[in-house]
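Engineer: The lines below spell out each chain.
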Amino acid sequence: MKLPIYLDYQSTTPMDPKVLDAMMPYFVEKHGNPHSRSHSFGWDAEEGVEIARKQIADVIRANPKEIIFTSGATESNNLAIKGVAHFYKSEGKNHIITVSTEHKCVLDTCRHLNQDGFEITYLPVDEKGIINLEELERAIKKNTVLVSVMMVNNEIGVIQPMKEIGDICKKHNIFFHTDAAQGYGKIPIDVNEMNIDLMSISSHKIYGPKGVGALFIRRKPNRVRIEPLINGGGQERGLRSGTLPTPLIVGFGKAAEICKDVMEIEYARIKKLSDLFYKEIVESIPDVYLNGHKEKRWPGNLNLSFAYIEGESLILAIKDLAVSSGSACTSASLEPSYVLRALGVDVELAHTSIRFGFGRFTTEEEVDYAIKVIKKSIDKLRAMSPLWEMVQDGIDLKSIKWADH
Amino acid sequence: MAYSKELLDHYEKPRNVGSFDKNEVGIGTGLVGAPACGDVMKLQLKINKQGIIEDAKFKTFGCGSAIASSSLVTEWVKGKTIDEARQIKNMDIAKHLSLPPVKIHCSVLAEDAIKSAIADYKTKLAKINEDGTENSDPAKAAG
Chain A
21 MKLPIYLDYQ STTPMDPKVL DAMMPYFVEK HGNPHSRSHS FGWDAEEGVE
71 IARKQIADVI RANPKEIIFT SGATESNNLA IKGVAHFYKS EGKNHIITVS
121 TEHKCVLDTC RHLNQDGFEI TYLPVDEKGI INLEELERAI KKNTVLVSVM
171 MVNNEIGVIQ PMKEIGDICK KHNIFFHTDA AQGYGKIPID VNEMNIDLMS
221 ISSHKIYGPK GVGALFIRRK PNRVRIEPLI NGGGQERGLR SGTLPTPLIV
271 GFGKAAEICK DVMEIEYARI KKLSDLFYKE IVESIPDVYL NGHKEKRWPG
321 NLNLSFAYIE GESLILAIKD LAVSSGSACT SASLEPSYVL RALGVDVELA
371 HTSIRFGFGR FTTEEEVDYA IKVIKKSIDK LRAMSPLWEM VQDGIDLKSI
421 KWADH
Chain B
6 MAYSKELLDH YEKPRNVGSF DKNEVGIGTG LVGAPACGDV MKLQLKINKQ
56 GIIEDAKFKT FGCGSAIASS SLVTEWVKGK TIDEARQIKN MDIAKHLSLP
106 PVKIHCSVLA EDAIKSAIAD YKTKLAKINE DGTENSDPAK AAG
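First to last, the sequence lines map onto chains A and B. Be aware that the first sequence starts at 21, since it is given in the working numbering, and climbs by one per residue. Be aware that the second sequence starts at 6, since it is given in the working numbering, and climbs by one per residue.
Just so you know, these hints were derived from the structure itself, not from any lab. Do not take every clue at face value.
[To be verified] In the SDA-like style, the derived pairs of lysine to any residue whose C-alpha atoms are separated by at most 20 angstroms in a straight line are: (1) A:400 with B:14; (2) A:395 with B:62; (3) A:396 with B:23; (4) A:400 with B:25; (5) B:62 with A:412; (6) A:292 with A:392; (7) B:62 with A:399; (8) A:339 with B:19; (9) B:120 with B:87; (10) A:421 with B:36; (11) B:27 with A:392; (12) B:27 with A:413; (13) A:395 with B:59; (14) B:18 with A:340; (15) A:396 with B:25; (16) A:400 with B:23; (17) A:339 with B:8; (18) B:62 with A:403; (19) A:316 with A:208; (20) A:396 with B:27; (21) A:400 with B:17; (22) A:395 with A:383; (23) B:62 with A:408.
Based on the sequences and whatever the hints tell you, model everything.
Structural biologist: Put into structure tokens, the structure is as follows:
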């Protein structure tokens, strides 16, 4: 077993070696511009791109024509939300509904639209991280054009009720966009069954190369129109100009194909590892809490709060494990995670949270090792924690008047 | 975050972790910070009748910088008089551990902890004197 152990699969994933193999010919040998129509270099590159487009569409039962390539999910989210907002603005539709726990790139995009005069509703989530469907329906107004709700949350792994949201959007004739960066290729998705109109996808979250992503834009039965962000040579049917990065796209396609092939087996395997980890940690360590819904989640993401231990100090202690923290102290802002705060997690507990991510290359041996390291570190840090000591002495921490600093 | 060798050394091998009985005479306890802010330091000083800090212990809830800062001050205060200990400045701690700018507040907290522990010691001492003990000798006052 090699150290450190990578347990940060929500942040990014290593490329599958089969993906790299698929990409290699497109760097030197088949180097053509896929938009070149006058020679075989261009034709070869175009063929690679179109195969990939189909591989990516197949995972979500979409038509390849409904896929356009971007630089990643951040661009896809920008393009979907700003693109729809600007296109339908002239029809008087200027209201967008999203959720307080969305990825920063969705929230920031909405913030910018708000500054440009659009109206944004941020739906709250319950203490498990899930939106309330009745609340969603109540938020819909005459001028609502788009509902944007992420599929799988990047910080806590909870899955929003896609099909139910899709049904509501269809009923009210509103477009439904989802940021599926963390869900695509990992859980079954059917854009037709779920009534999804736009979907953002990222390559590097599915063992593909970094720097490429896609946006699914529905064509049938109701075509979604968007205004492009990038203007130029009119590639991607005018929606995203710029020469396509053929090697990245070929790798992305291969990664999507592998995900589709192994989805069922991988889901079961990761669920088993995640269950083992959860059971061992929660049952043997007191005062550990899972953030987010216990069942409605992608099992490859476990966000745990270890009460009375600050997140960054735990990360330092388990330095052989590469993980992320919801703690403020690992970020420049010194504010604990807004996602955990949206769930109503106490600031105190938000400071103690760590995200463990399991993926395709995580082994049972690694999980066993991680459990051992975590248990040992918790013992050490709690022995050092004045809060733990006070709680053991029967002191209610809430009864103490802390001096804020 | 890339931490200095000194900081990691204190984090990995923290000195003087533990607690004294806070009711014991001669023990000054400082508890500073807040759980909501992500760091709480408890620093305890054992002060003899000459006003010299004989021993120090800490417990800290906080990031690596907070733990290392508290560990460092327990080493620094030992053997110092109360007045000397009060001279320890947060910037000296920050400099010694090469704290990154966003972690300077950890050293401020450690400085506060020293002052708070000394203040607690003095309050206790004053109370003992008020209670009618003949002199300020904490050892005798205890009886």
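Engineer: Determine for every hint whether it applies to the structure shown.
Structural biologist: Here's how the hints hold up against the structure:
For the hint pairing residue 400 (chain A) with residue 14 (chain B), the CA-to-CA distance comes to about 15 angstroms; that is within 20 angstroms, so the pair holds. A hinted pair counts as satisfied when its Cα atoms are at most 20 angstroms apart, and residue 395 (chain A) with residue 62 (chain B) does not qualify at roughly 24 angstroms. In summary, the hint linking residue 396 (chain A) to residue 23 (chain B) is supported, as the alpha carbons are separated by about 18 angstroms, within the 20 angstroms threshold. A threshold of 20 angstroms between alpha carbons decides the hint, and for residue 400 (chain A) with residue 25 (chain B) the separation of about 18 angstroms falls inside it, so the pair holds.
Of the pairs offered as hints, the one joining residue 62 (chain B) and residue 412 (chain A) holds, with about 18 angstroms between alpha carbons and a cut-off of 20 angstroms not exceeded. At most 20 angstroms may separate the alpha-carbon atoms for a hinted pair to count; residue 292 (chain A) and residue 392 (chain A) meet this at roughly 18 angstroms. Proposed proximity of residue 62 (chain B) and residue 399 (chain A) is supported: the alpha carbons are some 18 angstroms apart, at most 20 angstroms. Of the supplied pair hints, the one linking residue 339 (chain A) and residue 19 (chain B) holds, its CA atoms being roughly 16 angstroms apart against a limit of 20 angstroms.
At most 20 angstroms may separate the alpha-carbon atoms for a hinted pair to count; residue 120 (chain B) and residue 87 (chain B) meet this at roughly 9 angstroms. Only pairs whose Cα atoms come within 20 angstroms are accepted, and residue 421 (chain A) paired with residue 36 (chain B) is accepted, the gap being roughly 11 angstroms. For the hint linking residue 27 (chain B) to residue 392 (chain A), the alpha-carbon distance of about 34 angstroms lies beyond 20 angstroms, and the restraint is violated. For the given pair, residue 27 (chain B) sits about 13 angstroms from residue 413 (chain A) by alpha-carbon distance, which is consistent with the 20 angstroms threshold.
For a cut-off of 20 angstroms, the pair hint linking residue 395 (chain A) to residue 59 (chain B) is broken: about 34 angstroms separates their Cα positions. Distance restraint check for residue 18 (chain B) and residue 340 (chain A): the Cα-Cα separation of roughly 17 angstroms lies within the 20 angstroms cut-off, and the hinted pair is therefore satisfied. Proposed proximity of residue 396 (chain A) and residue 25 (chain B) is contradicted: the alpha carbons are some 24 angstroms apart, above 20 angstroms. At most 20 angstroms may separate the alpha-carbon atoms for a hinted pair to count; residue 400 (chain A) and residue 23 (chain B) meet this at roughly 12 angstroms.
Taking the CA atoms of residue 339 (chain A) and residue 8 (chain B), the gap is about 13 angstroms. The hint holds against a cut of 20 angstroms. Among the hinted pairs, residue 62 (chain B) with residue 403 (chain A) is consistent with the structure: their alpha-carbon atoms are about 13 angstroms apart, no more than 20 angstroms. Taking the CA atoms of residue 316 (chain A) and residue 208 (chain A), the gap is about 14 angstroms. The hint holds against a cut of 20 angstroms. Of the supplied pair hints, the one linking residue 396 (chain A) and residue 27 (chain B) is violated, its CA atoms being roughly 28 angstroms apart against a limit of 20 angstroms.
Under the criterion of a C-alpha separation no larger than 20 angstroms, the hint pairing residue 400 (chain A) with residue 17 (chain B) is consistent with the structure, at around 10 angstroms. For the hint linking residue 395 (chain A) to residue 383 (chain A), the alpha-carbon distance of about 19 angstroms falls within 20 angstroms, and the restraint holds. Note on residue 62 (chain B) and residue 408 (chain A): the hinted pairing holds, with a Cα-Cα distance of about 16 angstroms set against a maximum of 20 angstroms.
In this structure, the earlier hints numbered 2, 11, 13, 15, 20 are contradicted, and the remaining ones agree with it.
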